[in-house]
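Chain by chain, the residues run as shown.
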Amino acid sequence: MSVETPLPVLKPADFASDQEVRWCPGCGDYSILAQMKKVMPTLGVPREKVVFISGIGCSSRFPYYMNTYGMHTIHGRAPAVATGLKTSRPDLQVWVITGDGDGLSIGGNHLMHCIRRNMDLNIVLFNNRIYGLTKGQYSPTSPLGKRTKSTPMGAIDNPLHPLSIAIGCEATFVARSIDTNVKHLEQTLKRAAGHKGTAFVEVYQNCNVFNDGAWSYAKDRDTKAETTLELEHGKPLIFGKDRDKGVRLNGLEPEVVELGKGITEDDLLFHDEKSAEPSLAYLLSRMRHEDGFPEPIGVFRSVDKPRYDELINDQITQATSERGPGDLDKLFNAGETWTVE
Amino acid sequence: MATVAEKGVEQLDAATVRFCGDSGDGMQLAGTQFTQTSALAGNDVATFPDFPAEIRAPRGTKAGVSGFQIHFSSHEIFTPGDAVDALVAMNPAALATNLVDLRPGGILVCNSSAFDKKGLEQAGYETNPLEDGSLEGQYKLHSVDMTKVTRDAVEGLGLSVKEADRCRNFFAMGLVFWLYDRSLDPTLRFIEDKFAKRPDVVQANTAALKAGFNYGETVEAIHTQYHVPKAKLEPGTYRNIMGNTALAWGLMAAAKASEKRLYLGAYPITPASDILHELCKHKNYDVMTFQAEDEIAAMTATIGAAFAGAMAVTASSGPGIALKGEGMGLAVIMELPMIVINVQRGGPSTGLPTKTEQSDLLQAVFGRNGECPMPIIAASSPGDCFDTAQEAWRLAVKHMTPVFLLTDGYIANGSEPWQVPKFSDLPKIPITHPGPLNEGEEFNAYQRDEWLARPWALPGTPTLEHRLGGLEKQDVTGNVSYDPTNHQHMIDTRAQKVAMIAEDIPEQAVDGATEGDLLVLSWGGPYGACATAVHTAQKAGKSVSHAHLRYINPFPKNLGDLLGSFKRVLIPELNCGQLSVLIRDRYMIDTVGLNKVQGKPFTVGEIVEKINELVA
Numbered sequence: 001m002s003v004e005t006p007l008p009v010l011k012p013a014d015f016a017s018d019q020e021v022r023w024c025p026g027c028g029d030y031s032i033l034a035q036m037k038k039v040m041p042t043l044g045v046p047r048e049k050v051v052f053i054s055g056i057g058c059s060s061r062f063p064y065y066m067n068t069y070g071m072h073t074i075h076g077r078a079p080a081v082a083t084g085l086k087t088s089r090p091d092l093q094v095w096v097i098t099g100d101g102d103g104l105s106i107g108g109n110h111l112m113h114c115i116r117r118n119m120d121l122n123i124v125l126f127n128n129r130i131y132g133l134t135k136g137q138y139s140p141t142s143p144l145g146k147r148t149k150s151t152p153m154g155a156i157d158n159p160l161h162p163l164s165i166a167i168g169c170e171a172t173f174v175a176r177s178i179d180t181n182v183k184h185l186e187q188t189l190k191r192a193a194g195h196k197g198t199a200f201v202e203v204y205q206n207c208n209v210f211n212d213g214a215w216s217y218a219k220d221r222d223t224k225a226e227t228t229l230e231l232e233h234g235k236p237l238i239f240g241k242d243r244d245k246g247v248r249l250n251g252l253e254p255e256v257v258e259l260g261k262g263i264t265e266d267d268l269l270f271h272d273e274k275s276a277e278p279s280l281a282y283l284l285s286r287m288r289h290e291d292g293f294p295e296p297i298g299v300f301r302s303v304d305k306p307r308y309d310e311l312i313n314d315q316i317t318q319a320t321s322e323r324g325p326g327d328l329d330k331l332f333n334a335g336e337t338w339t340v341e
Numbered sequence: 342m343a344t345v346a347e348k349g350v351e352q353l354d355a356a357t358v359r360f361c362g363d364s365g366d367g368m369q370l371a372g373t374q375f376t377q378t379s380a381l382a383g384n385d386v387a388t389f390p391d392f393p394a395e396i397r398a399p400r401g402t403k404a405g406v407s408g409f410q411i412h413f414s415s416h417e418i419f420t421p422g423d424a425v426d427a428l429v430a431m432n433p434a435a436l437a438t439n440l441v442d443l444r445p446g447g448i449l450v451c452n453s454s455a456f457d458k459k460g461l462e463q464a465g466y467e468t469n470p471l472e473d474g475s476l477e478g479q480y481k482l483h484s485v486d487m488t489k490v491t492r493d494a495v496e497g498l499g500l501s502v503k504e505a506d507r508c509r510n511f512f513a514m515g516l517v518f519w520l521y522d523r524s525l526d527p528t529l530r531f532i533e534d535k536f537a538k539r540p541d542v543v544q545a546n547t548a549a550l551k552a553g554f555n556y557g558e559t560v561e562a563i564h565t566q567y568h569v570p571k572a573k574l575e576p577g578t579y580r581n582i583m584g585n586t587a588l589a590w591g592l593m594a595a596a597k598a599s600e601k602r603l604y605l606g607a608y609p610i611t612p613a614s615d616i617l618h619e620l621c622k623h624k625n626y627d628v629m630t631f632q633a634e635d636e637i638a639a640m641t642a643t644i645g646a647a648f649a650g651a652m653a654v655t656a657s658s659g660p661g662i663a664l665k666g667e668g669m670g671l672a673v674i675m676e677l678p679m680i681v682i683n684v685q686r687g688g689p690s691t692g693l694p695t696k697t698e699q700s701d702l703l704q705a706v707f708g709r710n711g712e713c714p715m716p717i718i719a720a721s722s723p724g725d726c727f728d729t730a731q732e733a734w735r736l737a738v739k740h741m742t743p744v745f746l747l748t749d750g751y752i753a754n755g756s757e758p759w760q761v762p763k764f765s766d767l768p769k770i771p772i773t774h775p776g777p778l779n780e781g782e783e784f785n786a787y788q789r790d791e792w793l794a795r796p797w798a799l800p801g802t803p804t805l806e807h808r809l810g811g812l813e814k815q816d817v818t819g820n821v822s823y824d825p826t827n828h829q830h831m832i833d834t835r836a837q838k839v840a841m842i843a844e845d846i847p848e849q850a851v852d853g854a855t856e857g858d859l860l861v862l863s864w865g866g867p868y869g870a871c872a873t874a875v876h877t878a879q880k881a882g883k884s885v886s887h888a889h890l891r892y893i894n895p896f897p898k899n900l901g902d903l904l905g906s907f908k909r910v911l912i913p914e915l916n917c918g919q920l921s922v923l924i925r926d927r928y929m930i931d932t933v934g935l936n937k938v939q940g941k942p943f944t945v946g947e948i949v950e951k952i953n954e955l956v957a
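Chains as they are written, first to last, in this note's numbering: chain A, 1 to 341; chain B, 342 to 957.
Please keep in mind that the hints were generated in silico from the structure rather than gathered at the bench.
Just so you know, not all the hints are guaranteed correct.
Listed below are the simulated SDA-like cross-link pairs for lysine to any residue, each with C-alpha atoms no more than 25 angstroms apart in a straight line [to be verified]: (1) Lys-330/A <-> Pro-803/B; (2) Lys-898/B <-> Ala-854/B; (3) Lys-261/A <-> Glu-277/A; (4) Lys-49/A <-> Ala-854/B; (5) Lys-538/B <-> Leu-805/B; (6) Lys-219/A <-> Glu-230/A; (7) Lys-49/A <-> Gly-819/B; (8) Lys-37/A <-> Leu-812/B; (9) Lys-330/A <-> Gly-819/B; (10) Lys-763/B <-> Trp-338/A; (11) Lys-37/A <-> Leu-529/B; (12) Lys-597/B <-> Glu-230/A.
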């Protein structure tokens with residue numbers, strides 16, 4: 001008679017650590033944390049196999065609040081720490097939690113290299129377009145002219161766009177979501193977790209203390225239908241409260257058009273997240289509200305490519321099968337030796 | 342054969358030879374082949390390669406001179422030698438920059454074909470020293486048109502002029518092999534092996550090597566051959582080994598002895614890169630190497646690998662170590678075991694990247710923000726790197742701390758005979774990881790054992806889920822804590838943990854009496870020069886002893902008493918007195934420094950002179 005031990009059924013609460021969450025009341029991070037806890041039990045990965053790694057910043061307190069393994073590291077270095085961890089232990093599911101300052105400024109180099117290596121990990125970048133932890137300086141995603149503590153006359157650096165960077169590094173999975181769009185965020189995190197390779201997710205996240213309303217156009221009930229566009233694989237790019245607008249290509253330029261009056265769905269750009277060529281995904285990442293475009297949310301790109309963590313371990317397996325497991329005595333005695341009697 | 346009989350063979354106890362030429366002339370190859378052959382002949386050997394930082398300085402210039410010195414003897418030696426007995430100069434620039442080290446009456450072999458108008462000008466000679474009589478009577482000069490004789494030797498093999506000229510170093514080697522009565526066989530085997538895919542090159546190099554040897558044998562101007570008999574080394578099997586190779590192998594041995602995967606996170610930098618090069622050849626030993634995007638990533642990936650449960654190592658040199666500083670601080674507060682290797686080189690900043698120095702000691706001790714103690718151990722010779730690597734890992738895992746391992750360019754690139762160990766004779770390094778907890782038990786990531794070490798719990802273990810991080814941790818639980826008294830307690834505890842390592846390391850040994858007039862206290866690369874100088878002084882009846890430190894933080898627990906038992910303490914260092922700073926601070930003992938920062942190791946003579954100045 002065999003006794004089967006059923007796998008424990010975990011609930012979101014099982015992923016909550018015993019630490020008090022200390023973000024400002026009303027911070028967008030709470031929602032991301034809640035969606036993450038909701039997604040976790042659905043992934044079929046035991047809690048002990050999950051590791052959250054972060055850098056520095058408000059978002060980077062995240063690992064302390066998850067009852068999994070975790071490391072709260074140093075400014076911008078989480079992708080590099082995750083690289084050492086994931087290559088050594090491909091059996092673990094690794095999440096990197098970062099922010100626009102941590103990931104794109106001080107850690108830009110690591111982010112770029114982590115993405116291009118296509119390690120099997122999930123990077124979630126909380127983008128609030130401000131430095132929250134250091135109390136209100138402009139960040140690499142702050143818009144030109146942004147007045148902050150460190151830019152009293154307005155920011156003069158052109159902003160970076162996280163998804164353009166990720167696609168420029170040929171990320172194999174790229175997505176965007178919004179902290180308050182909880183269903184969408186949950187689905188996006190789930191899809192990121194399911195992707196084999198580096199999944200890069202940008203979350204529009206509100207800092208209600210230092211940059212309140214940075215994304216209001218994309219979040220407010222009365223504007224979001226016009227300012228965002230939900231991407232669906234194989235579907236045309238349609239948006240608007242009445243789903244009466246679309247995006248089509250005019251040569252290499254996207255343009256917003258109204259449906260009807262001789263323009264049909266078939267004239268629009270169709271989304272293909274599986275396209276091997278990242279140019280269209282890049283084009284989508286360039287669509288900005290300020291230029292009159294809806295900003296896409298959802299999965300921009302999802303393609304399969306070889307993964308660094310697999311390849312680095314494959315080389316060890318290959319070397320071992322070709323040459324046999326290493327024998328130190330053989331190594332020490334290889335080449336020219338001599339004996340003293 | 343008659344010619345050989347006519348020539349005398351003079352027995353020597355030891356000799357020092359230096360090959361020097363343009364960095365494209367193959368001098369490092371000539372030197373390593375001569376070393377290998379001398380080692381196989383049973384001599385004790387020590388080498389000192391010296392090359393320029395420029396990838397390829399303009400041909401024939403002083404900036405491009407590359408040299409390789411080898412000291413071989415019939416007794417135990419510890420240094421590559423002070424004065425050179427035989428100097429091979431492939432061009433005027435090499436002669437101009439190296440002649441100063443040739444002893445009066447020494448053998449000087451010059452490639453006369455390079456002493457043309459342009460070559461002489463580049464070296465700053467107004468007249469040709471081979472012809473103007475300036476060298477006559479001072480050295481045994483052999484001026485050889487190596488270009489011509491090499492071209493003649495390889496004629497008919499179908500090589501281009503350029504290819505033929507590239508064989509000149511083999512001609513020079515052949516001549517020196519004859520001078521010192523060496524067998525050509527190991528180098529012939531090397532040529533066959535190295536150029537297996539180019540039979541014409543095998544033939545040409547063989548012809549050039551033999552031509553050099555035969556030249557010595559037949560030319561009447563060279564009258565004497567020298568022979569250095571075998572050294573009496575401890576019985577065993579030996580091989581010649583370079584410091585960086587020994588370090589890589591020591592790491593591999595430690596990984597195996599602790600049943601761990603070896604993980605190296607590194608970013609290329611001279612002179613540490615060869616550790617990466619060596620380790621990435623041995624993937625079948627379960628060695629994982631990661632060439633990171635920068636030094637910071639190399640360090641932090643190493644931290645990730647340590648958390649994952651690997652034997653995590655990073656290796657770099659001075660400026661790279663500076664970049665790793667923040668990561669090391671994280672490793673210290675996370676209390677994860679790993680090894681940080683600094684193969685020191687000339688500084689500050691990029692300084693003299695290919696030259697040796699010991700000037701990162703205070704960086705290792707103090708070069709991180711906050712109160713951030715790390716154990717520091719230092720290798721003393723190429724072969725010692727093997728043992729030091731294992732010891733570093735033993736300390737790291739037993740005490741749950743990153744450990745600093747210092748070597749330097751002189752040790753890293755130098756070589757010496759190394760008695761090949763049996764893996765089964767090497768010490769095992771036991772590691773325990775906590776397993777899953779029973780119902781009702783609580784896991785505390787900062788619960789400490791009798792050495793104040795916390796548990797190394799691995800991700801993947803159910804019930805041990807925990808979070809590490811750079812923010813101060815509450816003792817025992819590991820939760821983030823801003824409590825002032827807890828911070829004081831944790832600062833004190835981390836310091837005490839490292840200080841306690843003094844109980845886990847051997848007491849400081851002394852070469853000589855344990856009290857007397859003078860103690861020479863050294864660390865790192867100067868070991869050999871200090872040992873030889875102290876032996877010389879002891880033979881001269883002086884009250885001098887030698888203590889060489891392997892453990893710098895913490896110091897061995899008897900060190901204070903030992904220092905106090907001598908009237909004076911001399912500290913020779915290739916820096917401006919960094920160990921002196923630590924010794925004076927810790928023991929309130931005034932020390933005498935012998936300091937040199939010239940990118941060159943100490944000569945024995947320099948230390949002997951200082952000892953003589955201090956002790957009658």
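Hints versus structure:
The straight-line distance between the Cα atoms of Lys-330/A and Pro-803/B is roughly 39 angstroms, outside the 25 angstroms bound, and the hint therefore fails. Proximity of Lys-898/B to Ala-854/B is assessed by CA-CA distance (about 18 angstroms); at most 25 angstroms being required, the pair is judged to hold. As the CA atoms of Lys-261/A and Glu-277/A are separated by approximately 32 angstroms, the hinted pair breaks the 25 angstroms bound. Distance hint between Lys-49/A and Ala-854/B is unfulfilled; the C-alpha atoms sit about 58 angstroms from each other, more than 25 angstroms.
For the given pair, Lys-538/B sits about 56 angstroms from Leu-805/B by alpha-carbon distance, which is inconsistent with the 25 angstroms threshold. Between Lys-219/A and Glu-230/A the alpha-carbon distance is near 13 angstroms, which keeps this suggested pair within the 25 angstroms criterion. Of the supplied pair hints, the one linking Lys-49/A and Gly-819/B holds, its CA atoms being roughly 20 angstroms apart against a limit of 25 angstroms. The straight-line distance between the Cα atoms of Lys-37/A and Leu-812/B is roughly 24 angstroms, inside the 25 angstroms bound, and the hint therefore holds.
As the CA atoms of Lys-330/A and Gly-819/B are separated by approximately 44 angstroms, the hinted pair breaks the 25 angstroms bound. At roughly 15 angstroms between alpha-carbon atoms, Lys-763/B and Trp-338/A fall within 25 angstroms of each other, so this suggested pair holds. About 68 angstroms separates the Cα atoms of Lys-37/A and Leu-529/B, which puts this hinted pair outside 25 angstroms; it is violated. Among the hinted pairs, Lys-597/B with Glu-230/A is inconsistent with the structure: their alpha-carbon atoms are about 53 angstroms apart, more than 25 angstroms.
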